[in-house]
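> Sequence:
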Amino acid sequence: MKNICIIGSGSWGCALAIHSAKIGHNVKLWSFSEEEAKIINNERKCKFLPMATMPENIVCTTDIKEAVDGSDMILHVTPSKFFRETLKKYKEYITNQPVIICSKGFESSTLLTLSDVAKEEIPNVKIGAFSGPSHAEEVCLGIPTAIVIGAKDYDVQYQVQDAFMNENMRIYTTTDIQGVELGGALKNIIAFCAGIAAEINLGDNSFAALATRGLTEISRLGVAMGGEHNTFYGLSGLGDLIVTCLSEHSRNRKAGRCIGRGLTVEETRKEVGMVIESIDNIEVAYQLSKKYNIEMPIVNTVYDVLYHNLSPKEGVIKLMTRAKKCE
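Numbering (the numbering used here), first residue to last: 1478 to 1804.
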């Protein structure tokens, strides 16, 4: 039995809390919202996961020191744009426990991965990244799921694997933390495009082309940034890409559908009602492709759809009529 601290009470944070509690761990869940904390503590519910019940061994608090104190492991599950500012709030309370990044995305102002942000803020703390095809809506119900923990330190890999692996969650390990993070962040862009494609009535052939060539772009940039090629064809790359592109649980796919039917970015954010990592990540990936001189036609095209008034159907034509290439 471990004392698990989870920073962030959104859908994924609550799903990880439920999974941890069912294993038998004591869970302290930090929320920035007093309202969400009261719902969790008093009604044993998460507002984002109405199908699930929060076990009694989960306590939610808005006091971040209380959440961190006495914990054996910290799971950080806030949206990427709040990652650094939230980490600053509790870094002084970290002792010798590892920080496991369960958020997916980049810091848009610096183009850094979240583990690189963590290295700046907590350079002497062991860090891991936890990612894979894992919709919160299914994890909270105990539907079998496979995830990968990336960490340079083998003891961090084994701590996470030992703490959270059971018959409902299979956990693999890798030292390629950069590849795990990049796959998880970049696949959201392709899922967003899959939503657009579905909304403008493209077919299975189109989806297969999008997913395949999208994965090529993800791995191309990911390797340039220090990830290992094979990681992008594992759970945190191909696996997460499949589940996010295909599932109606995916907020990124839903956001793409909104853009496909003509909504603005702000209207899309309002309709989805939760943080949409893909929209922020599209701009970051566009900038990174220029920085590393990587050809990313899908990213460039969806960037033009969002920011240069290119219609989705014109974007498809633009992609299909590019210069001839070898695969």
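Keep in mind that the hints were calculated from the coordinates and are not lab data. Note that beta-carbon positions come from the ideal geometry of N, C-alpha and C, so glycine has one too. Treat the hints loosely; a few may be bogus.
[Stated by the list, open to error] Calculated pairs, DSS-like style, for lysine-lysine (alpha carbon to alpha carbon, straight line, at most 27 Å): (1) K1747 - K1515; (2) K1596 - K1522; (3) K1558 - K1767; (4) K1499 - K1515; (5) K1479 - K1524; (6) K1747 - K1767; (7) K1479 - K1499; (8) K1558 - K1522; (9) K1566 - K1522; (10) K1479 - K1515; (11) K1603 - K1515.
[As the list claims (entries may be wrong)] Estimated spans, in silico, between C-beta atoms of each pair: (12) T1652 - T1741: 39 to 47 Å; (13) E1520 - M1478: 23 to 31 Å; (14) K1629 - N1678: 43 to 51 Å.
> If a hint holds in the structure, say so; if it doesn't, say that too.
Right, here's what the structure says about each hint:
{"no.": "1", "hint": "K1747 - K1515", "result": "holds (24 Å)"}
{"no.": "2", "hint": "K1596 - K1522", "result": "violated (34 Å)"}
{"no.": "3", "hint": "K1558 - K1767", "result": "holds (21 Å)"}
{"no.": "4", "hint": "K1499 - K1515", "result": "holds (21 Å)"}
{"no.": "5", "hint": "K1479 - K1524", "result": "holds (26 Å)"}
{"no.": "6", "hint": "K1747 - K1767", "result": "violated (30 Å)"}
{"no.": "7", "hint": "K1479 - K1499", "result": "holds (12 Å)"}
{"no.": "8", "hint": "K1558 - K1522", "result": "holds (26 Å)"}
{"no.": "9", "hint": "K1566 - K1522", "result": "holds (26 Å)"}
{"no.": "10", "hint": "K1479 - K1515", "result": "holds (24 Å)"}
{"no.": "11", "hint": "K1603 - K1515", "result": "violated (32 Å)"}
{"no.": "12", "hint": "T1652 - T1741: 39 to 47 Å", "result": "holds (42 Å)"}
{"no.": "13", "hint": "E1520 - M1478: 23 to 31 Å", "result": "holds (25 Å)"}
{"no.": "14", "hint": "K1629 - N1678: 43 to 51 Å", "result": "holds (45 Å)"}
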